[in-house]
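Taken in sequence, the protein lines are chains A and B.
Everything in the first sequence is counted per the working numbering, starting at 97 for the first residue and increasing by one.
Everything in the second sequence is counted per the working numbering, starting at 97 for the first residue and increasing by one.
Since the hints were derived computationally from the structure, they do not count as laboratory data.
Check each hint, because a few of them may be wrong.
The list treats identical chains as interchangeable, and a pair is accepted whether it falls inside one copy or across any two copies.
Stated by the list, open to error - With a cut-off of at most 27 angstroms between alpha-carbon atoms, the simulated DSS-like pairs for lysine-lysine come out as follows:
#: 1; residue 1: Lys427; residue 2: Lys369
#: 2; residue 1: Lys389; residue 2: Lys265
#: 3; residue 1: Lys296; residue 2: Lys331
#: 4; residue 1: Lys130; residue 2: Lys263
#: 5; residue 1: Lys263; residue 2: Lys429
#: 6; residue 1: Lys271; residue 2: Lys423
#: 7; residue 1: Lys364; residue 2: Lys123
2 protein chains.
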Amino acid sequence: MQVMTSKRYQEAGVDIDAMAAALDQAKEEIRATKTPGVLSDIGLFGGVFDPSLVGAGGECLVASTDGVGTKVRIAALAGKFDTVGQCLINHCVNDILVQGARPLFFLDYIGTGHLDPDWFAQVVHGLSLACKENHCALLGGETAEMPGIYDGDDFELVGTIVGAVAKGKILDGSKVVAGDRLIGLPSSGLHTNGFSLARKILFDECSFEVGDHPPELEGASIGEALLAIHKSYLKPVLPLLQKERGVHACAHITGGGVLDNLPRVLPKGLGAKVLTNALDPVPIFPFLVEKGKIDQQEAWRVFNMGIGFILVVEADRCQELLEELEKAGEKPKVVGVVEEGEGVRLED
Amino acid sequence: MQVMTSKRYQEAGVDIDAMAAALDQAKEEIRATKTPGVLSDIGLFGGVFDPSLVGAGGECLVASTDGVGTKVRIAALAGKFDTVGQCLINHCVNDILVQGARPLFFLDYIGTGHLDPDWFAQVVHGLSLACKENHCALLGGETAEMPGIYDGDDFELVGTIVGAVAKGKILDGSKVVAGDRLIGLPSSGLHTNGFSLARKILFDECSFEVGDHPPELEGASIGEALLAIHKSYLKPVLPLLQKERGVHACAHITGGGVLDNLPRVLPKGLGAKVLTNALDPVPIFPFLVEKGKIDQQEAWRVFNMGIGFILVVEADRCQELLEELEKAGEKPKVVGVVEEGEGVRLED
Numbered sequence: 097m098q099v100m101t102s103k104r105y106q107e108a109g110v111d112i113d114a115m116a117a118a119l120d121q122a123k124e125e126i127r128a129t130k131t132p133g134v135l136s137d138i139g140l141f142g143g144v145f146d147p148s149l150v151g152a153g154g155e156c157l158v159a160s161t162d163g164v165g166t167k168v169r170i171a172a173l174a175g176k177f178d179t180v181g182q183c184l185i186n187h188c189v190n191d192i193l194v195q196g197a198r199p200l201f202f203l204d205y206i207g208t209g210h211l212d213p214d215w216f217a218q219v220v221h222g223l224s225l226a227c228k229e230n231h232c233a234l235l236g237g238e239t240a241e242m243p244g245i246y247d248g249d250d251f252e253l254v255g256t257i258v259g260a261v262a263k264g265k266i267l268d269g270s271k272v273v274a275g276d277r278l279i280g281l282p283s284s285g286l287h288t289n290g291f292s293l294a295r296k297i298l299f300d301e302c303s304f305e306v307g308d309h310p311p312e313l314e315g316a317s318i319g320e321a322l323l324a325i326h327k328s329y330l331k332p333v334l335p336l337l338q339k340e341r342g343v344h345a346c347a348h349i350t351g352g353g354v355l356d357n358l359p360r361v362l363p364k365g366l367g368a369k370v371l372t373n374a375l376d377p378v379p380i381f382p383f384l385v386e387k388g389k390i391d392q393q394e395a396w397r398v399f400n401m402g403i404g405f406i407l408v409v410e411a412d413r414c415q416e417l418l419e420e421l422e423k424a425g426e427k428p429k430v431v432g433v434v435e436e437g438e439g440v441r442l443e444d
Numbered sequence: 097m098q099v100m101t102s103k104r105y106q107e108a109g110v111d112i113d114a115m116a117a118a119l120d121q122a123k124e125e126i127r128a129t130k131t132p133g134v135l136s137d138i139g140l141f142g143g144v145f146d147p148s149l150v151g152a153g154g155e156c157l158v159a160s161t162d163g164v165g166t167k168v169r170i171a172a173l174a175g176k177f178d179t180v181g182q183c184l185i186n187h188c189v190n191d192i193l194v195q196g197a198r199p200l201f202f203l204d205y206i207g208t209g210h211l212d213p214d215w216f217a218q219v220v221h222g223l224s225l226a227c228k229e230n231h232c233a234l235l236g237g238e239t240a241e242m243p244g245i246y247d248g249d250d251f252e253l254v255g256t257i258v259g260a261v262a263k264g265k266i267l268d269g270s271k272v273v274a275g276d277r278l279i280g281l282p283s284s285g286l287h288t289n290g291f292s293l294a295r296k297i298l299f300d301e302c303s304f305e306v307g308d309h310p311p312e313l314e315g316a317s318i319g320e321a322l323l324a325i326h327k328s329y330l331k332p333v334l335p336l337l338q339k340e341r342g343v344h345a346c347a348h349i350t351g352g353g354v355l356d357n358l359p360r361v362l363p364k365g366l367g368a369k370v371l372t373n374a375l376d377p378v379p380i381f382p383f384l385v386e387k388g389k390i391d392q393q394e395a396w397r398v399f400n401m402g403i404g405f406i407l408v409v410e411a412d413r414c415q416e417l418l419e420e421l422e423k424a425g426e427k428p429k430v431v432g433v434v435e436e437g438e439g440v441r442l443e444d
């Protein structure tokens, strides 16, 4: 992260001193995410990482870039900015876990019209916290003030994760066969997808405010339900992938829902039946479906509908994997089965 | 890159079909950037890369995230979107070159209010072209439509590069001593920094339009001068770093100019004298300084002032390195010297 200072530049709307102060405040937290692989300090042009120092020498790299989308709008409405940083890291961790990889390092990008040291510190706190939880170094990042591109409290929070997996352990779905069971792991809420539609339904159409507590949300406010932290599935799932335990593929249920994400990891000629009622979703999902009068196909394409992650597993080993996941603190459910055909068929 | 399709989601302002069409158009170009290290096709959750297949097995990774900032505003004004993609890649390539690394792969992120297939295809064309030129695979990326965050033609173009360098070849500036010469390589223009100020001076204060041809720009229009492609210094510089040729450090002159970027690679206790007239800058620099009445310190902190990249080299080997860079097609100039002290002292 780079800091400039310049009077004339400030006149153009770029407040460089505020950025410097916020960065100083954040540096200690970023340093605390260091793993033995990190060879560089903050402030260099690039972050340097030696995979061999964390047991990943000679392994393949898996990389993914993603953002938290308009979830930042909810954060701004609620004045609570730490959770979106955690959402971003956990989202990216799950994206590479799907291919069997564990995190090595992460680089973030924050674009904003005007950097507010308070929310910036909260965002970095969230990023750092989730990095530590996932044993992922926050290796670098960039913060850009671009007045005119972003209005008011808006900002963009995206990042890139790089992880590692031994070549022989890459999960590519090629072992999936008809009859494989689908184990679903519960999501905590919308995770980081579907916020454009959720905001339209709840704020534009129903005129809710973030502090409202509709009874359907069972105690949570609108803001709390929407900001629920995107879960990382690294801890329960990774141990099942590192040994041959009968996991044939994984799908992270992000934008596009189960309907679009599950087929991404199924071989040609195979589809799946998914049971819509196998897993009790958190209350925000039935609430959104009812308030928005969303039909089922639509709902399962835009939202994760309570299923954050799916493991496609050998039928014979399904029970044993369910027990293992329960021991790891998860509440797994069989949510469907792989079948001949293509695409996902929902069944009530 | 992930594509969704959903009627209800479209009502919320997310045009998914247009994105799908634009992605299809771009996929072939992205595939053409493949290097032997790429193990994955487009559309998976993460991109998979095996460093050992490109001779980087066992090396350290160097990663950097950056964006092109408000240069996209100029692209929108000029209706020309291919160069910003090249700028982004070349910027990131230079950032890791500073530490001795060559590119392995890149992941891009495009955030926009509304994806226009035309400009999207141009941006991806630029990204792909520059990736090929730098032997860098375009391994993945994310495109997000976020109506409400971005207005009109605005978009955000950022990305992350991952490269490799043998552990013993990492350039960290530790060998720099007083008396080392600074070799400057010419920039093509602003590269990707200082656009907030340039736009303020040229458009807000001087009321120029992108199509105007002020005589000071020697034939170029305002738009052409501002959109000049950020140069990649990989080809002339990398060969000098791979063998022991007396290069002690490199600095990529980005936001913060020579004044902020050169000190980033000098050891504590060392500063530099930089000659402001050693290298003839392209005409946009004197033009901006004159029109904006910017003082010298300010100009050298916001703009690269004609110097895109600096090599800090052993005095005795300076002449030989200059000749080598000339053979590689560069127009290098000695622009200063390392001295005791701290910071950069400008001298006319």
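Taking the hints in turn, this is what the structure says about them:
1. Lys427 <-> Lys369: Answer is within; shortest intra-copy Cα gap is 20 angstroms, inter-copy 64 angstroms.
2. Lys389 <-> Lys265: Answer is neither: 43 angstroms inside a copy and 61 angstroms across each miss the 27 angstroms cutoff.
3. Lys296 <-> Lys331: neither (34 angstroms within a copy, 50 angstroms between copies)
4. Lys130 <-> Lys263: Intra 25 angstroms, inter 18 angstroms, cutoff 27 angstroms: intra and inter.
5. Lys263 <-> Lys429: neither (30 angstroms within a copy, 47 angstroms between copies)
6. Lys271 <-> Lys423: Classified as within; 26 angstroms inside a copy, 53 angstroms across copies.
7. Lys364 <-> Lys123: Answer is between; shortest inter-copy Cα gap is 20 angstroms, intra-copy 47 angstroms.
The structure fails to meet hints 2, 3, 5 from the earlier list, while all remaining hints are met.
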